[in-house]
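Going line by line, the protein sequences match chains C and A. Here the first sequence stands for residues 1 to 114, numbered as in the working numbering. Here the second sequence stands for residues 1 to 117, numbered as in the working numbering.
By construction, these hints were calculated from the structure, which means they are not laboratory data. You may find that some hints are simply not true.
[Unchecked claim] Have a look at the derived ranges for each label pair, beta carbon to beta carbon: (1) A/A72 - C/E83: 37 to 45 Å; (2) A/K55 - C/Q81: 44 to 52 Å; (3) C/Q14 - A/G53: 50 to 58 Å; (4) C/A29 - A/P40: 28 to 36 Å; (5) C/T111 - A/G53: 27 to 35 Å; (6) C/E83 - A/W113: 20 to 28 Å; (7) C/S12 - A/T82: 40 to 48 Å; (8) A/S73 - C/S12: 42 to 50 Å.
Even for Gly, the Cβ is constructed at its ideal location relative to N, Cα and C.
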Amino acid sequence: GENVEQHPSTLSVQEGDSAVIKCTYSDSASNYFPWYKQELGKRPQLIIDIRSNVGEKKDQRIAVTLNKTAKHFSLHITETQPEDSAVYFCAASMKGSTLGRLYFGRGTQLTVWP
Amino acid sequence: GAVVSQHPSRVICKSGTSVKIECRSLDFQATTMFWYRQFPKQSLMLMATSNEGSKATYEQGVEKDKFLINHASLTLSTLTVTSAHPEDSSFYICSARGPGGAGNTIYFGEGSWLTVV
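My request is simple: use the sequences and hints to build the entire structure.
In structure tokens, the structure reads:
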């Protein structure tokens with residue numbers, strides 16, 4: 001099956017700085033890569049996603065890049081704010097009959113210091 | 001947008017008893033739903049894939065007789081933790097793909113905190 005690796009496990013930045021979280025995946029059949037933000041005890045919230053036919057996608061302060069050849073994708077958050085502090089998960093989803101099955105990375109605890 | 005609702009949000013049960021968690025797609029039909037378990041400070045681990053009208057598919061290492069899944073309708077999947085033990089205490093969360101097929105967003109329920117005492 002798919003294996004998603006995520007780094008770093010913890011990330012601390014000063015307010016206003018940028019944060020980058022990186023993920024790799026193992027199966028070239030994966031074609032959908034969402035990023036989730038999860039606050040303690042709550043459901044994961046989709047913040048941005050990218051499909052394998054696109055190399056980069058941006059939504060205000062958040063951007064995601066995808067390198068299919070290298071099988072890695074990254075989340076970029078610019079102008080970080082304290083409210084960005086949370087756990088961020090990358091995930092990959094494969095083509096096939098089981099639509100919606102996600103393989104998650106281990107998560108990154110992002111702390112933004114004011 | 002599509003909504004997935006999960007109930008209860010928190011439940012405490014005694015060791016040895018069973019507890020049922022419901023996952024509903026409120027405004028769309030979901031032939032497939034997914035159940036995840038998340039221990040504190042860890043990632044979401046897929047337990048099983050719930051298929052409407054057929055048996056669930058369990059991930060390796062997940063006991064199907066302990067975690068009973070029923071997907072009797074297109075809008076409801078249930079997870080029953082049988083003979084619960086303290087080590088089953090965790091955050092359980094379901095998900096479903098939104099309407100429209102493969103290109104659409106995956107939606108999560110609110111999650112259920114299970115504490116076994």
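Here is what the structure says about each hint:
1. A/A72 - C/E83: 37 to 45 Å: Between A/A72 and C/E83, where Cβ atoms are some 41 Å apart, the hint holds.
2. A/K55 - C/Q81: 44 to 52 Å: holds (46 Å)
3. C/Q14 - A/G53: 50 to 58 Å: Holds - the Cβ-Cβ distance for C/Q14 and A/G53, about 53 Å, lies within 50 to 58 Å.
4. C/A29 - A/P40: 28 to 36 Å: At 32 Å between Cβs, range holds.
5. C/T111 - A/G53: 27 to 35 Å: Given a distance of about 45 Å, which is not inside 27 to 35 Å, the answer is violated.
6. C/E83 - A/W113: 20 to 28 Å: holds (23 Å)
7. C/S12 - A/T82: 40 to 48 Å: Holds: the Cβ-Cβ distance is about 42 Å, inside 40 to 48 Å.
8. A/S73 - C/S12: 42 to 50 Å: holds (46 Å)
This entry does not satisfy hint 5, going by the numbered hints stated previously; all others are met.
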